[in-house]
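Undergrad: Here's the letter readout for the chains.
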Amino acid sequence: MNEIHLNRARDPAFIKETEERSGQDIGTCYQCGNCTAGCPAAFVYDRQVNQIMRGVQLGLKDQVLSSVSLWYCLSCSMCTLRCPNNIDVAGVMETLRHMAREQGYITAPKMEKFWMSFLDTVRAFGRTYEVGTMALYMMRSLRLGTDLDLAPAALKLRKLPFIPHAATAATGRIIERYMKRAEKEGKRK
Amino acid sequence: MKYSYFPGCSQEGSALDYGKSTGAVCAALGITLRDIPTWSCCGSTPAHAVDEELSAALCARNLDIAAKDGADMVVTPCPSCLSNLRAALYRMRDDHFRERVNELLDEPASEKLPDATSVMQLIGRLHDAEDIGKRVVKPLKGIKIAPYYGCLMSRPAKIMEFGDPENPVLMETILAACGAEIIDFPLKTVCCGAASGIPERSLTALNSGRILALATDMGADVIAVACPLCQMNLDLRQKQAAKAMNRLFDMPVMYFTQLMGLAMNIAPENLGIEQLCVSPRAVLAKFAANNGGGK
Ligand code: SF4
Ligand code: SF4
Chain A
0 MNEIHLNRAR DPAFIKETEE RSGQDIGTCY QCGNCTAGCP AAFVYDRQVN QIMRGVQLGL
60 KDQVLSSVSL WYCLSCSMCT LRCPNNIDVA GVMETLRHMA REQGYITAPK MEKFWMSFLD
120 TVRAFGRTYE VGTMALYMMR SLRLGTDLDL APAALKLRKL PFIPHAATAA TGRIIERYMK
180 RAEKEGKRK
Chain B
0 MKYSYFPGCS QEGSALDYGK STGAVCAALG ITLRDIPTWS CCGSTPAHAV DEELSAALCA
60 RNLDIAAKDG ADMVVTPCPS CLSNLRAALY RMRDDHFRER VNELLDEPAS EKLPDATSVM
120 QLIGRLHDAE DIGKRVVKPL KGIKIAPYYG CLMSRPAKIM EFGDPENPVL METILAACGA
180 EIIDFPLKTV CCGAASGIPE RSLTALNSGR ILALATDMGA DVIAVACPLC QMNLDLRQKQ
240 AAKAMNRLFD MPVMYFTQLM GLAMNIAPEN LGIEQLCVSP RAVLAKFAAN NGGGK
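Top line first, the protein sequences correspond to chains A and B. Residue numbering for the first sequence follows numbering that gives the first Met the number 0, beginning at 0 and increasing consecutively. Residue numbering for the second sequence follows numbering that gives the first Met the number 0, beginning at 0 and increasing consecutively.
Hints should not be assumed to be uniformly reliable.
To be verified - Each computed DSS-like pair below joins lysine-lysine, with the alpha-carbon atoms no more than 27 Å apart:
1. K183/A / K109/A
2. K140/B / K285/B
3. K238/B / K143/B
4. K15/A / K157/B
5. K183/A / K15/A
6. K133/B / K143/B
7. K109/A / K242/B
8. K109/A / K238/B
In case anyone wonders, no lab produced these hints; they're calculated from the structure. Note that the structure is predicted; figures quoted are calculated from it, not measured.
Using the sequences and the accompanying hints, generate a full structural model.
TA: This is how it looks when you write it as structure tokens:
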């Protein structure tokens, strides 16, 4: 197990930023574990969602932001629903994921690659279609063969959509402006 | 009230059948759905996973076009699109957030944007159970349905406003009005694994597997869904789920609109039934037998 020196690892600015950006009073978490009990992604987490909450309370920035759990969270909000202290736990997880990404803690690159491949499809076509996202994702991650077992069944049922040019152009501009701004603000694009 | 329709990308790909059956059922109920002109992707999970301002901007473009088109309400069949549209509206009440979103758009979004709702809620609002019952020609008698909403339709509660966040009942009300037997399904709002099937298959396989297993064990003939992603995870990925659970499944997964359509005597080919991956033949056979046998 790794050792943490609380007096040195504690980062008060991290606590403040997490609370401000998520709009949640994380200090009220009393570690009941309800969030973890209902979490459908718990089995792939390295730190359970209640542990993440505790980590934020203690200001353990490095421990929290490097957790793969932030990337595997399904945003299903079961934790939020079940929290007796009305903390929007799912919202905190999302805020932490944004912070992790901005600061370069990409501990589950395949998740980020998948999302970016999806956004590339949207940027290029204005709409998305599974086949396009999948192809881009495979290229990014070189995980050739991902889900190929589904291809015959899927192709039988699918066709490519017609997408009006205005949709394509406008979404492309939105995503480009976003990328530019993120770069200017020193965040990961 | 003027409604604008936001189909969502899946309606052009994996959920053609959802689009078809939604259109057919709404037409039969006298609800006109007109697409938002040149609508574009809401950004789905990836956009908000990366940045909520980006997600809101992709949604705001569509809401703004709908506003300029005179819509009072945007209607979408897809819970994921709905969740993004509603989250954008919710967050844009904050001036600073709205400004950040506007910076990403070609021009600032209209001051007043239309609200967003689901096709299911629209049907429920315009037609109560009695009214739907009157339109049923071939009741879904004896068909046991496990209603499955997925996690996005009702949560987060403050954004979605879809009744009880863990125990919504609208789908049951509608399908019971169509004559079906409804199973009290405890996993109805537990997540199916969502969009993580491609990067991390175990998340969808195990979570969808649990849903399929419980529905099977509770004697369901069919799982009724409202979400294209849930449908894909439970239907197209059923074999992966079976492997994760180490058992076999033969569980049809149909959109609630397809089931409604059957009851309203809409031809199966207009409901996209042939597009399902796991064949609903047993359901259709029961349906035919209970409605005077044969076809
Ligand atoms: S449910 Fe709420 S109070 Fe309980 S451990 Fe989770 S965040 Fe803390
Ligand atoms: S939102 Fe994330 S952390 Fe919360 S229960 Fe769902 S998967 Fe788990």
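Undergrad: Next, verify each hint and record whether it holds.
TA: Status of the hints after comparison with the structure:
no. : hint            : verdict
1   : K183/A / K109/A : holds, 25 Å
2   : K140/B / K285/B : holds, 9 Å
3   : K238/B / K143/B : holds, 22 Å
4   : K15/A / K157/B  : holds, 24 Å
5   : K183/A / K15/A  : holds, 23 Å
6   : K133/B / K143/B : holds, 21 Å
7   : K109/A / K242/B : holds, 22 Å
8   : K109/A / K238/B : holds, 23 Å
Of the numbered hints given earlier, the model fails none.
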